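Participant: Given the coordinates of chain V, work out where chain A should sit on it, guided by the hints.
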Amino acid sequence: MTGALLAILSAVFFPGIILRVKSIASGRKGPGILQPWKNIILLFRKSSVFSTTTSFIFRLAPAVYFATICCALMLLPFPGMPSVLGFKGDFILFAYLLALGKLLFILGALDTGSSFEGMGASREALYSMLTEPAFFILLGTLSLLSGQFSMQTIFPDFQFAGEFSLITGGIAIYLLVQIAMIENSRMPVDDPKTHLELTMVHEVMILDYSGVDLALIQTATNLKFVLYGGLIANLILPGEGGWLATNVMLFFVVQAGFAAAIGLMESFRARKKLAKNPQFIVTLSSIALLGFILVLLLTRNLIR
Amino acid sequence: MEQYFIPAAVFCSFLILVIPGKVRFYYTLSLILFITLVTSIPAALQFFSPLNVTYLRLEPGLTASLTSTNWIFKGYLGELRFTIDRLSSFFILVTNFTVLTGMLYSRGYLKAYENTKNPAQFALHYFSYVWLHLSMLAVLTLRDGLAFLIAWELMAVSSFMLILFEAEKRSTLKTAVNYLVQMHIGFVMLLFAFLITEAGGGQMSFDALPAYFASHSNTGLFLLFFAGFAVKAGFIPFHTWLPEAHPAAPSHVSGVMSGVMIKMGIYGIFRVLISVQSDWYTIGLVLLAISALTGLLGILFSIVQKDIKKILAYSTIENIGIIGLGMGLGSIGLALHNPALTFLGFTGSLLHVLNHSLFKSLLFYGSGSVYRATHTRNIEELGGLIHQMPRTAGLFLFGSVAICALPPLNGFISEFLLYIGFFKGLSAGNEYLSILFLFTILTLTLIGGLAIFSFSRAFGISFLGTPRKEIHLQPETITRDMIFPQILIAMFILGIGLMPMAAIAPIANLVESQFHPGPATDGFFFGDALNKISLFGLILIVLVTCILYLRASLIKNRQAVYGPTWGCGYTGGTPRQQYTGASFAENISELAQPVLQNIQELRAIAADDVFPHKRSLHLRTIDIFSVALGKLTDLSWLVLKRLARLQTGNIRHYILYAFIFILVIFVLLYLKLI
Numbered sequence: 001m002t003g004a005l006l007a008i009l010s011a012v013f014f015p016g017i018i019l020r021v022k023s024i025a026s027g028r029k030g031p032g033i034l035q036p037w038k039n040i041i042l043l044f045r046k047s048s049v050f051s052t053t054t055s056f057i058f059r060l061a062p063a064v065y066f067a068t069i070c071c072a073l074m075l076l077p078f079p080g081m082p083s084v085l086g087f088k089g090d091f092i093l094f095a096y097l098l099a100l101g102k103l104l105f106i107l108g109a110l111d112t113g114s115s116f117e118g119m120g121a122s123r124e125a126l127y128s129m130l131t132e133p134a135f136f137i138l139l140g141t142l143s144l145l146s147g148q149f150s151m152q153t154i155f156p157d158f159q160f161a162g163e164f165s166l167i168t169g170g171i172a173i174y175l176l177v178q179i180a181m182i183e184n185s186r187m188p189v190d191d192p193k194t195h196l197e198l199t200m201v202h203e204v205m206i207l208d209y210s211g212v213d214l215a216l217i218q219t220a221t222n223l224k225f226v227l228y229g230g231l232i233a234n235l236i237l238p239g240e241g242g243w244l245a246t247n248v249m250l251f252f253v254v255q256a257g258f259a260a261a262i263g264l265m266e267s268f269r270a271r272k273k274l275a276k277n278p279q280f281i282v283t284l285s286s287i288a289l290l291g292f293i294l295v296l297l298l299t300r301n302l303i304r
Numbered sequence: 001m002e003q004y005f006i007p008a009a010v011f012c013s014f015l016i017l018v019i020p021g022k023v024r025f026y027y028t029l030s031l032i033l034f035i036t037l038v039t040s041i042p043a044a045l046q047f048f049s050p051l052n053v054t055y056l057r058l059e060p061g062l063t064a065s066l067t068s069t070n071w072i073f074k075g076y077l078g079e080l081r082f083t084i085d086r087l088s089s090f091f092i093l094v095t096n097f098t099v100l101t102g103m104l105y106s107r108g109y110l111k112a113y114e115n116t117k118n119p120a121q122f123a124l125h126y127f128s129y130v131w132l133h134l135s136m137l138a139v140l141t142l143r144d145g146l147a148f149l150i151a152w153e154l155m156a157v158s159s160f161m162l163i164l165f166e167a168e169k170r171s172t173l174k175t176a177v178n179y180l181v182q183m184h185i186g187f188v189m190l191l192f193a194f195l196i197t198e199a200g201g202g203q204m205s206f207d208a209l210p211a212y213f214a215s216h217s218n219t220g221l222f223l224l225f226f227a228g229f230a231v232k233a234g235f236i237p238f239h240t241w242l243p244e245a246h247p248a249a250p251s252h253v254s255g256v257m258s259g260v261m262i263k264m265g266i267y268g269i270f271r272v273l274i275s276v277q278s279d280w281y282t283i284g285l286v287l288l289a290i291s292a293l294t295g296l297l298g299i300l301f302s303i304v305q306k307d308i309k310k311i312l313a314y315s316t317i318e319n320i321g322i323i324g325l326g327m328g329l330g331s332i333g334l335a336l337h338n339p340a341l342t343f344l345g346f347t348g349s350l351l352h353v354l355n356h357s358l359f360k361s362l363l364f365y366g367s368g369s370v371y372r373a374t375h376t377r378n379i380e381e382l383g384g385l386i387h388q389m390p391r392t393a394g395l396f397l398f399g400s401v402a403i404c405a406l407p408p409l410n411g412f413i414s415e416f417l418l419y420i421g422f423f424k425g426l427s428a429g430n431e432y433l434s435i436l437f438l439f440t441i442l443t444l445t446l447i448g449g450l451a452i453f454s455f456s457r458a459f460g461i462s463f464l465g466t467p468r469k470e471i472h473l474q475p476e477t478i479t480r481d482m483i484f485p486q487i488l489i490a491m492f493i494l495g496i497g498l499m500p501m502a503a504i505a506p507i508a509n510l511v512e513s514q515f516h517p518g519p520a521t522d523g524f525f526f527g528d529a530l531n532k533i534s535l536f537g538l539i540l541i542v543l544v545t546c547i548l549y550l551r552a553s554l555i556k557n558r559q560a561v562y563g564p565t566w567g568c569g570y571t572g573g574t575p576r577q578q579y580t581g582a583s584f585a586e587n588i589s590e591l592a593q594p595v596l597q598n599i600q601e602l603r604a605i606a607a608d609d610v611f612p613h614k615r616s617l618h619l620r621t622i623d624i625f626s627v628a629l630g631k632l633t634d635l636s637w638l639v640l641k642r643l644a645r646l647q648t649g650n651i652r653h654y655i656l657y658a659f660i661f662i663l664v665i666f667v668l669l670y671l672k673l674i
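Chains as they are written, first to last, in the numbering used here: chain V, 1 to 304; chain A, 1 to 674.
Chain V extracted, bound-state conformation:
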């Protein structure tokens, strides 16, 4: 639960940092750190516009999307703290909870009957289908290296796996950052600031949402970011050795660094052509596979 609370706390400044870094990189001053949240709070106060085509699925989807991310947050471990809710194989539940949110989100988009939203839904379904293997191979690698099956124990034990953890740690951080970018529909595959519906993924799916529902979705998206940031922090932070206070500090530093990195990446990286996206996402799985085979080679042959 510590992980979840700290992640929620870091979500307060997370979207602001991304925005600020992007503004500064493009030579503007940019809004205040809390501006994204002010926007969301404004949305919470607004009344809604509904399409007459929609049904209860459309209203249910944001709630489920939000709830699944909250549940996944509860599974987020924190280094050095005993996990209350973690269990063997919790990362499977983690991934499938997020998938449930995505399914409802896709259905919510299809519920409007809009051809643009159907397009976004189809893309979202494809990308999440292609991203999931990378996540599972990564967790499989870490699990093999640490001999553990719960996220709470995989990450600290992985760090004590000797010098291999440096090599695999690099791959793991790279993969987690990229997976987080794809799952949150950010730069290389999707651009949140794009203005053409034909090329959107995430933004086109929420075209018809407004008011409270839109606020729920945006809150959930921000939480999803810190969820992945938290996983990255778990890879980096010292497990049992560190003090709690430094760990908490470091956790925030990692989250802030992650946010700044996203801002920088989005400022200096071009968006991929839509047709090239599947190829890019599958590349992540192949990198993960290479990492796995590397671990196998290192642990099985070199040690023996």
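Simulated from the structure, these hints should not be mistaken for lab results.
Values in this document were obtained by computation on a predicted structure and should not be read as measured data.
Here a beta-carbon is modelled for each residue, glycine too, at the ideal position from N, C-alpha and C.
Be aware that a few hints might be false.
[Said to hold, decoys possible] So the derived label-pair ranges between C-beta atoms look like this: (1) A:Pro575 x V:Gly170: 45 to 53 Å; (2) V:Val282 x A:Asn70: 33 to 41 Å; (3) A:Leu638 x V:Thr194: 57 to 65 Å.
Facilitator: Only chain A this time, still in chain V's reference frame:
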């Protein structure tokens, strides 16, 4: 008492043919209830009898348990022994439940045919339905090879009669005959497998298999049995009958066929698997390879289908693949003497049998309701059904979430067991095994993602949006008796999802008693994990309810505005501009082009067309395995045609053939060759 049950059930089933039409449904229902009750009691006693399984960290229970219940029926020709052990008891319970819900559903579903079908056709339908039930129970309890094969054949014939309900359609007739022929190919393989057992010195019986396997090579005979049963179960490449037969049958029959009848193949594989003595490693590898192929291709094919029941049929193939992956994991666990893998693999596999029987029958009943109300199964013509049929839509969504293996429903539990088994297997053997298991994990995740794709498409295109074509919608035909069995199934789905221990504990006993994985030596317990999963399921449900309540109270006093869907500035949109099933699946079918083989018939605009007129685009997907099978039959047709030259119609030639035959036999005997 049991001596009288079988003749009584058979006699009562014949009464269906003569009973007046008004009470026929209730008579059949009570007969099925009676059969269910009589067979479920001993099965439940077997299945729920306690056993101490260390993996779930249960309290030490009674270790002594019933080994099997025998019903011996003495007839004129000899005695028939029906044996219920833990394995058959599990399948009996699954079968009874689905057959019962199918019967309940059939009342509303068949009502539409009352004007077009005569009473004799109804009588024959219900008669075949009862016989399908009886023959499945016989398949599950008979051990003697010959009796088993007869029951197996009865099952094929009765399901053939059930598919034929709409025999006035030519396509149905063709499909049904195709089904019958393919079933007999499987039958021949099973017959040969039993004959080999007998020739190996044993009897023609499942009970004689352990002795045979102890003294002979295991892989060959197992694979023959596997191939025979795989035709029924729908493993690729033996699946080609399945996606045709399921849509052709009435929906309650599709539900029963997909939910339990094909599981008889799985039961057969398990029955042989518990007799296998060695070669576990090879068997496990073969099972994993075929199942991974089955799972992946099954769900890929399902994504491009237009027919809602074909989508479900191909997803059945996918689920058979998942069940097979569990069997493969369990077998490799036995080979490595790793009790955890054995336990997780077989338990996950059997639990998935139960789970799939639940959500697939639910989905088939749902698709039947769609067909009833719209008279079409083509999702490209549907859309917006959720407004007229909210209950059917809700239940279909519920089944879709379950079949995509998403928490908090039951599908997640069985896939979780398999996942954790494969993750554990990563470090169980050598590095080749690690890579193999990593690829099975990869397969499972891909299957999971593709299932979400397929079912968001099936549900989203047919139930959401606006109707894509003007159809005469009759939502009033979906009566309460069609919804009730679906709610019953949904309750079980949620129950297993929230209380997985209740379902897993007896299945764990079954695995323990049949495969003897042995106690958990490495401290790998996962009772805790299952409890946490159910906790998270509850948290999720509570959280969603709270958010919905908060949301409702937030917007209560605000004036919501209603209008058309935002058309991105374009206001002349028509329903035909919506995303269709084909366009939704376009990106996948492009990626998987070598396997999916879409056929596009496009009449494009010619270069000199100044004023373009009507154009058309037809998309067809073909099953490459059906095509390959077709080529095979064409080839055999050619060969047989050549051979037909022998058939001259001239009696003297036939006498000559007989003479040659006798001569050959004589020469062979003389040379001591036979």
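Participant: Would you mind marking each hint as holding or not holding in the structure?
Facilitator: Outcome of the hint check:
1. As the Cβ distance of Pro575 (chain A) to Gly170 (chain V) is approximately 51 Å, the hint placing it in 45 to 53 Å holds.
2. For the pair Val282 (chain V) and Asn70 (chain A), the beta carbons lie near 56 Å from each other, so the given range of 33 to 41 Å is not met.
3. About 59 Å separates the C-beta atoms of Leu638 (chain A) and Thr194 (chain V), a value consistent with the hinted range of 57 to 65 Å.
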